[in-house]
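Each chain, written out:
There are 4 protein chains.
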Amino acid sequence: MRTERLQTLADGIFAIALTLLVLSLPVPKGSHRLARDLLEQWPFYAAYVISFVTIAIVWINHHALMDGVARADRTLMELTLLLLLFVALVPWPTGLLAEYLRDGSQNSAAAVAYGIVMMLMAGSFTSIWLWLARAEDLAHPELRPRIPVAIRRSAVGPTIYAVGTLLALLSAPAAFALFAAAAGYFALSGRTVRLPTATEGATT
Amino acid sequence: MRTERLQTLADGIFAIALTLLVLSLPVPKGSHRLARDLLEQWPFYAAYVISFVTIAIVWINHHALMDGVARADRTLMELTLLLLLFVALVPWPTGLLAEYLRDGSQNSAAAVAYGIVMMLMAGSFTSIWLWLARAEDLAHPELRPRIPVAIRRSAVGPTIYAVGTLLALLSAPAAFALFAAAAGYFALSGRTVRLPTATEGATT
Amino acid sequence: MRTERLQTLADGIFAIALTLLVLSLPVPKGSHRLARDLLEQWPFYAAYVISFVTIAIVWINHHALMDGVARADRTLMELTLLLLLFVALVPWPTGLLAEYLRDGSQNSAAAVAYGIVMMLMAGSFTSIWLWLARAEDLAHPELRPRIPVAIRRSAVGPTIYAVGTLLALLSAPAAFALFAAAAGYFALSGRTVRLPTATEGATT
Amino acid sequence: MRTERLQTLADGIFAIALTLLVLSLPVPKGSHRLARDLLEQWPFYAAYVISFVTIAIVWINHHALMDGVARADRTLMELTLLLLLFVALVPWPTGLLAEYLRDGSQNSAAAVAYGIVMMLMAGSFTSIWLWLARAEDLAHPELRPRIPVAIRRSAVGPTIYAVGTLLALLSAPAAFALFAAAAGYFALSGRTVRLPTATEGATT
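Residue numbers (our numbering), protein chains in the order written: chain A, 1 to 204; chain B, 1001 to 1204; chain C, 2001 to 2204; chain D, 3001 to 3204.
Just chain A, with the same shape it has in the complex:
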């Protein structure tokens, strides 16, 4: 399969998952103090932004990765579909975490669910790098010597979400803050996770 077709499906799923996040934002019905009700549902806005930024970063990194891939085999395709399975799932724990963030007795379960989905999404991304390390002929020659570094860098994601999931058992707000910090850190330090594209590698 040519990688561009896989890329088209992936781009579609990324775009739809990003846009479906809006469906988790509640429109209060029959409110008699709408301004206050809107302000009080701030966890929904925060969760929307955090999940949007996180998916957008995975999209950027996935493009950087695919730029270095010359052709896709069946395993690469299946690992990509596994990644997309979790990307498409993100709107669900986003709504769940926002719904329960301020309910002190139940928010741990919601934050754990969020952490697990994010960990599985980040982990499937790492698994694509691991497969490229084994099936080296799938990668452009310039990319190959950099794969070990890419694996180490991409393992930061699942590690952070594993820590966040454990932290959620103690304190959901602390885990939420960690998820937000991770999104902000990845967004601002973009270059640390980005790999040179095949073209850039060739000119180095």
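Just so you know, not all the hints are guaranteed correct.
Calculated cross-link-like contacts (lysine to aspartate or glutamate; reagent style DMTMM-like; alpha-carbon spacing at most 20 Å) [stated by the list, open to error]:
#  : chain 1 : residue 1 : chain 2 : residue 2
1  : D       : Lys3029   : C       : Asp2103
2  : C       : Lys2029   : B       : Asp1103
3  : C       : Lys2029   : B       : Asp1037
4  : A       : Lys29     : D       : Asp3073
5  : B       : Lys1029   : A       : Asp37
6  : A       : Lys29     : D       : Asp3037
7  : D       : Lys3029   : C       : Glu2142
8  : A       : Lys29     : D       : Asp3103
9  : C       : Lys2029   : B       : Glu1040
10 : B       : Lys1029   : B       : Asp1011
11 : B       : Lys1029   : A       : Glu4
12 : D       : Lys3029   : C       : Glu2136
13 : D       : Lys3029   : D       : Glu3040
14 : C       : Lys2029   : C       : Glu2040
15 : A       : Lys29     : A       : Glu40
16 : B       : Lys1029   : A       : Asp103
Example chain A residues on the side facing chain B (calculated, C-beta under 7 Å, incomplete) [said to hold, decoys possible]:
#  : residue
17 : Gly12
18 : Ile13
19 : Trp92
20 : Gly95
These are calculated hints, taken from the structure and not from any lab test. Backbone N, C-alpha and C fix where the C-beta goes; we use that ideal spot for every residue, glycine too.
Start from chain A and add chains B, C and D according to the hints.
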């Protein structure tokens, strides 16, 4: 019509149907035992995974088919749109089956509905192969001798879902297990349903 | 603006509108006679199929039209966006008509709403042909002599939906049957609304 | 990153946000005076049209902008994703404003929310122009002398929405009328915000 335009619409519908599956996952409202409530709705997670994998496999097989198609006539286009009509429908029986799987008195109807939609989806896929056998000039020359094998292989899908639909009348959990096994089998034995692309065929 | 970019947005909106139709299909909650409840909501399945087929035909015709267009001006772009505004709206009257079809006292209003949206959608499509007749330099030379025929043919759509809207005031089921017949007729007699593409025209 | 990939994601999100607007249109349940209920929910139809037209115009302007961009750096990509974050958000304040427009005591909060989201969307668009003014090598040579004019023109959008947000504190219907007038004005006077594409610039 050039096949690539049909392919673009198809890719869009596959991507959206895959992503809309997430809307069937419930966010419990005002739960006082959220961890338990989340665990108890496991049929929704299982149904999400099964339907996602099944649609993804149909997408892979549809791409392999279209790679061997040189041009589309009106009938091919209409059969593809029929396939897409059922692909787009999948989120509905997915939510229905998950909702009723553990309700012993009503789950047969839900599993029958799931089986029928899947059978119609798989059947429309087979009908595309049957049309290619009749309108042979639509297919690349390398593909033509392989069409009879492709028809036999692609008939496995509707057969399994017909059996599953009948099985659902006796036991919905058994039918659910069959749908899950079918998704897993197709995913792991991918190569058995995959056809060589025109390019690969040319080099053989 | 190059027409292909407008086409990409249009293809996206067609694909999403087709797929969002599934959200109008209800999943009964806590039913104690699920098989019967599923059968009794047949208007939803019928409305899903009718709207899916209708949008798919508009998509086919829109592609045939755009194949004959050499470049887009601002008016062509705005008329296309007007068409897309109504295409994106179709899931709403679809759910509305299905919800009220069997309620004899209220179904006229629902069928009128369905007819109006479809009439506006079909009318915007005709308006694109009318604009091409005025701004002839937008069309490929081979297409130009055929535009008057295309206008007459494309005027059939809004006429049928205007008749259906009036009929809905007398009998919603009769209007529903007309909408279904129109979809079936357009699907089966596809060639009557299809125009030759620029390439085909050139070889004639 | 090649700009076309960013464009693909952007086109996808624009198409989905435009189509998800339909989900804010309510289907009344069990109505006994459906015709009247449908007429009384006119704010939903008006809000649908206004938001659809507004997003469509942002899409047109974004394409005109990207046509003049030779390559994207990380900041351009992030500002585009910021724009898309607010584009994807539009269905939410659209439903909110429609829901409360006729509730004289609560509609200010809803109109303020609508104004803020629109202001942030229009502001992110302006920020892309501001970045192109600083990182001039990203723009095609023909575009560069026109950037200052483009910045002034694109600043009209956030200014109007800032005024609308303040106006909403006094009167939500007046703000709603301003949002509608802005959409109509931009749609009809399209050429004032449109920049020549690189190709057109070259032929001038």
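These are the hints, each one checked on the structure:
The suggested pairing of lysine 3029 of chain D with aspartate 2103 of chain C holds, with an alpha-carbon distance near 12 Å, which does not exceed 20 Å. The straight-line distance between the Cα atoms of lysine 2029 of chain C and aspartate 1103 of chain B is roughly 12 Å, inside the 20 Å bound, and the hint therefore holds. With a C-alpha separation of about 17 Å, the suggested pair lysine 2029 of chain C and aspartate 1037 of chain B falls inside the 20 Å cut-off, and the hint holds. In summary, the hint linking lysine 29 of chain A to aspartate 3073 of chain D is not supported, as the alpha carbons are separated by about 43 Å, beyond the 20 Å threshold.
Pair hint lysine 1029 of chain B plus aspartate 37 of chain A holds up; C-alpha atoms about 17 Å apart against a cutoff of 20 Å. Between lysine 29 of chain A and aspartate 3037 of chain D the CA atoms are separated by roughly 17 Å; this keeps the pair inside 20 Å, and the hint holds. For the proposed pair lysine 3029 of chain D and glutamate 2142 of chain C, the alpha carbon gap of about 51 Å is over 20 Å, so the pair is violated. Taking the CA atoms of lysine 29 of chain A and aspartate 3103 of chain D, the gap is about 11 Å. The hint holds against a cut of 20 Å.
With a CA separation close to 17 Å, the supplied pair lysine 2029 of chain C and glutamate 1040 of chain B stays within the 20 Å bound. At roughly 35 Å between alpha-carbon atoms, lysine 1029 of chain B and aspartate 1011 of chain B are farther apart than 20 Å, so this suggested pair is violated. Simply put, lysine 1029 of chain B and glutamate 4 of chain A have alpha-carbon atoms about 41 Å apart, too far for the 20 Å limit, and the pair is violated. Distance restraint check for lysine 3029 of chain D and glutamate 2136 of chain C: the Cα-Cα separation of roughly 48 Å exceeds the 20 Å cut-off, and the hinted pair is therefore not satisfied.
Restraint check: the Cα-Cα separation between lysine 3029 of chain D and glutamate 3040 of chain D comes to about 14 Å, which is no more than 20 Å; the hinted pair holds. For the given pair, lysine 2029 of chain C sits about 14 Å from glutamate 2040 of chain C by alpha-carbon distance, which is consistent with the 20 Å threshold. About 14 Å separates the Cα atoms of lysine 29 of chain A and glutamate 40 of chain A, which keeps this hinted pair within 20 Å; it holds. Between lysine 1029 of chain B and aspartate 103 of chain A, the direct Cα distance comes to roughly 11 Å. Compliance with the 20 Å bound is thereby established for this hinted pair.
About 3 Å separates the beta-carbon of glycine 12 of chain A from the nearest beta-carbon of chain B, less than 7 Å, and the hint is met. Against a cut-off of 7 Å between C-beta atoms, the interface hint on isoleucine 13 of chain A holds, since the closest Cβ of chain B lies about 5 Å away. Taken as an interface hint, tryptophan 92 of chain A checks out: its beta carbon lies about 4 Å from the nearest beta carbon of chain B, inside 7 Å. Annotation: interface hint on glycine 95 of chain A holds; nearest CB of chain B at approximately 5 Å, less than 7 Å.
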